[in-house]
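Undergrad: We have chain A; now place chains B and C onto it with these hints.
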Amino acid sequence: MFVADYNMIYQLVATFLTGIIIKLLDDYMDEELPSKLLSPETRNGILPYSLIIFSLAAALNLTYTVTLFSGAYVLGMFFHMQQKLPTGLTGLQESLIILFINLLIFPFAAVLTSLLVILFIQSIDDLLDRQWDKRMGHHNLANQFGMGEMIILSAILAVLLMMLDLKKFVFVNLCFFVINKMYKRFLLS
Amino acid sequence: MKKCLIVGKPNVGKTLFMLNFAQYLHLETVNIQLIYYNGVIENKSYKITQAKELLSSVSPFKTMCLQVLEADIPMGKGKQRIQVIDSSGLTDGIHMNVEMRRAMAQTLSAIRESDIILHLFDISSLFYDSPDHGISKVDYQLAEFGQSKNGYVILANKIDLIPNKRPIVELQKLFPDHYVIPISAKTGLGFSEVSTFVRRRL
Amino acid sequence: MKKNLLGKSYGDILNMFEYGKLTTEETIKKLSVMRSGKVAQIQQTEPPEECLDEILAELESLIGLDNVKGLVKEIQAYIQIQKKRRVEQLAADALVLHMIFRGNPGTGKTTVARLLGKIFQKMGVLEKGHLIEVERADLVGEYIGHTAVKVRDQIKRSIGGIMFIDEAYSLARGGEKDFGKEAIDALVKGMEDYKDNLVLILAGYKDEMDIFLRSNPGLKSRFPIHIDFPDYNLEELLLIAERMVEKRDYKLSLSSKAKLAKIISKKRIEDGINSGNARLVRNIIERAIRKQAVRLQNGGNFSRENLLLLSNDDITEEDFL
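Chains as they are written, first to last, in UniProt numbering: chain A, 1 to 189; chain B, 1 to 202; chain C, 1 to 321.
The following block holds chain A by itself, in its conformation from the complex:
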């Protein structure tokens, strides 16, 4: 497993690119896209560049990309389950359909571990952003369910993931960390 082969490199890069897309999507949904990106020159580039990056990631490793992105999409709907969406479906319905399609196409383990690792990242994120989110009114798992509960959940998820797919767990966490660092530096530049 630790022998570097093309497969693993593709997986890592796919994870990294998908992570960038997920971050962009999250910020877009929260209306918190950095103003740098919203300048008239760059604004119109967001959609096309996201799509091309996403398709490259999918080319490198379809399973990782689609399951991770779907996981992020579904989790993003967590606090808006009853909301009616432009498709005419509720958040819950869309989530279920996406999960179903994922399960049809990809192995169960792949879908499951992607979901869990996204949840893990979200839990850590929410634990760290507790104060800020509370102040600004963002939905936050730690504020909603309690700090202790989220810590326990994170621990359980970590253990599960290490048992089920250590590689994905490590890759995703690594990319998450790097992407955040890059993002902060980008904001300050």
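Hints listed in this document are in silico derivations from the structure and should not be mistaken for laboratory results.
Take the hints with a grain of salt, since some may be wrong.
[What the hints assert, rightly or not] No farther apart than 30 Å at their CA atoms in a straight line, the calculated lysine-lysine pairs in the DSS-like style are these:
| no. | chain 1 | residue 1 | chain 2 | residue 2 |
| --- | --- | --- | --- | --- |
| 1 | B | Lys44 | C | Lys251 |
| 2 | B | Lys149 | C | Lys21 |
| 3 | C | Lys21 | B | Lys137 |
| 4 | B | Lys173 | A | Lys184 |
| 5 | A | Lys84 | B | Lys173 |
| 6 | B | Lys165 | A | Lys36 |
| 7 | C | Lys69 | B | Lys3 |
| 8 | A | Lys84 | B | Lys2 |
| 9 | B | Lys79 | A | Lys84 |
| 10 | C | Lys247 | B | Lys137 |
| 11 | A | Lys184 | B | Lys165 |
| 12 | C | Lys73 | B | Lys137 |
| 13 | B | Lys165 | A | Lys84 |
| 14 | B | Lys79 | A | Lys23 |
| 15 | A | Lys23 | B | Lys149 |
| 16 | B | Lys137 | A | Lys84 |
| 17 | B | Lys137 | C | Lys69 |
| 18 | A | Lys36 | B | Lys79 |
| 19 | B | Lys44 | A | Lys84 |
| 20 | A | Lys23 | B | Lys2 |
Values in this document were obtained by computation on a predicted structure and should not be read as measured data.
TA: Here is chains B and C on its own, set in the frame of chain A:
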């Protein structure tokens, strides 16, 4: 349906804010449901301009019942319907008039059931002369209550009447843990920030 | 209904606010405390004081009884100071809180006794603060030994609270074969045995109580606190009627208020001032509510205004059978 309650001292501009915010959300007529303390419900329909004249006035307790307005807020990929609730002003101490007390009790009861609390302050009347900055005990208690509540925000209203940003900075200093949005219910300044906040909570 | 540590429900707090017993800011504070159980835990030493304030506020809100309120405040202050003195390791009096209540029926004796029970409980003087009302029949037996048993039973019921003996002077009536005196002796013994956790209140008509105490000199020294309950004047009785009526969401029309005043004055002249006081008012009001129900049913107009209003016709002196 999610509920968004507007609270504050009398005459800070709650009713005007509700109506202008409704207009901002592109409502032309408002269906206002008046809920009296004893459960009586009246439904009235107004054009926004009409409603503004009728419901806003200088008398401190003009709003003696809960005025509920339903609006669609565009959010995420779609839109969501919420209730915006205007309340009667809260005063310190024990009010002599039992009708006022009942109206206020109704407001206090609604606080617990609301998902979002918009706490309005009249920033143009604060920080001049008085030792407590013109902030009532009720305001302080509400802010403390807001610590434990997800979805509480302070709206510093009437910024169209202040010469510079100092009062807002002072207010933020008094409530460092809270999000303070400067707004003007009259001119619509700050409404997009409020809308963003409300949408986040939905 | 959700209750916090203190057993107060959300609804109770809002009720108290509506009745003008809590300030707006206090109400919000209590509601905050209710939300975050954690806060309530940290402030465990505070809540008892808060509750005490509510009870004292309730006392304040009673109509008339100014001397009673003053005395209760003094008692409360005295207890508090003795507690603080104990904390400072100063000599503190043992608290002897047995009382004599003198007044006509319907002047609020039982109500005040009940409140005192709660106040004492909040202040840590009594364990439970409940009120046990007893009369002669509960204490006096028919044969030898019976009395002691009866008194002991009542004392057992009252431990941790207040034993309220109405028409206490009746214990001294009866001739040689009467066991009233035994009851008094047994009571005194009980007061000694449980002196840290039992308060006795003897109540009754002023004159009779005075005679009773004079003929039992040993008793007088054991009841250091004497409170007089004056008769309500006409104004106060009308206020009581209004309160009663408001509490149940009714309203008295001007003419019904006038008629009420007339009836009360008439009764006071007929039967003497000693004519039932608040009880008389309560009876009239309850009768009025029943009469209004009949009147509305016959009339058929159940508008909100009509449901609220008690009119002239509803206020009557006696039941018409």
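Undergrad: Take the hints in turn and mark each one as holding or not.
TA: Status of each hint after checking the structure:
no.: 1; hint: B:Lys44 to C:Lys251; in the structure: holds, 29 Å
no.: 2; hint: B:Lys149 to C:Lys21; in the structure: holds, 26 Å
no.: 3; hint: C:Lys21 to B:Lys137; in the structure: holds, 17 Å
no.: 4; hint: B:Lys173 to A:Lys184; in the structure: holds, 27 Å
no.: 5; hint: A:Lys84 to B:Lys173; in the structure: violated, 39 Å
no.: 6; hint: B:Lys165 to A:Lys36; in the structure: holds, 26 Å
no.: 7; hint: C:Lys69 to B:Lys3; in the structure: violated, 45 Å
no.: 8; hint: A:Lys84 to B:Lys2; in the structure: holds, 14 Å
no.: 9; hint: B:Lys79 to A:Lys84; in the structure: holds, 7 Å
no.: 10; hint: C:Lys247 to B:Lys137; in the structure: holds, 29 Å
no.: 11; hint: A:Lys184 to B:Lys165; in the structure: holds, 29 Å
no.: 12; hint: C:Lys73 to B:Lys137; in the structure: holds, 27 Å
no.: 13; hint: B:Lys165 to A:Lys84; in the structure: violated, 40 Å
no.: 14; hint: B:Lys79 to A:Lys23; in the structure: holds, 23 Å
no.: 15; hint: A:Lys23 to B:Lys149; in the structure: holds, 28 Å
no.: 16; hint: B:Lys137 to A:Lys84; in the structure: violated, 41 Å
no.: 17; hint: B:Lys137 to C:Lys69; in the structure: holds, 29 Å
no.: 18; hint: A:Lys36 to B:Lys79; in the structure: holds, 27 Å
no.: 19; hint: B:Lys44 to A:Lys84; in the structure: holds, 27 Å
no.: 20; hint: A:Lys23 to B:Lys2; in the structure: holds, 28 Å
Violation of the numbered hints given earlier is confined to hints 5, 7, 13 and 16; the remaining hints are satisfied by the structure.
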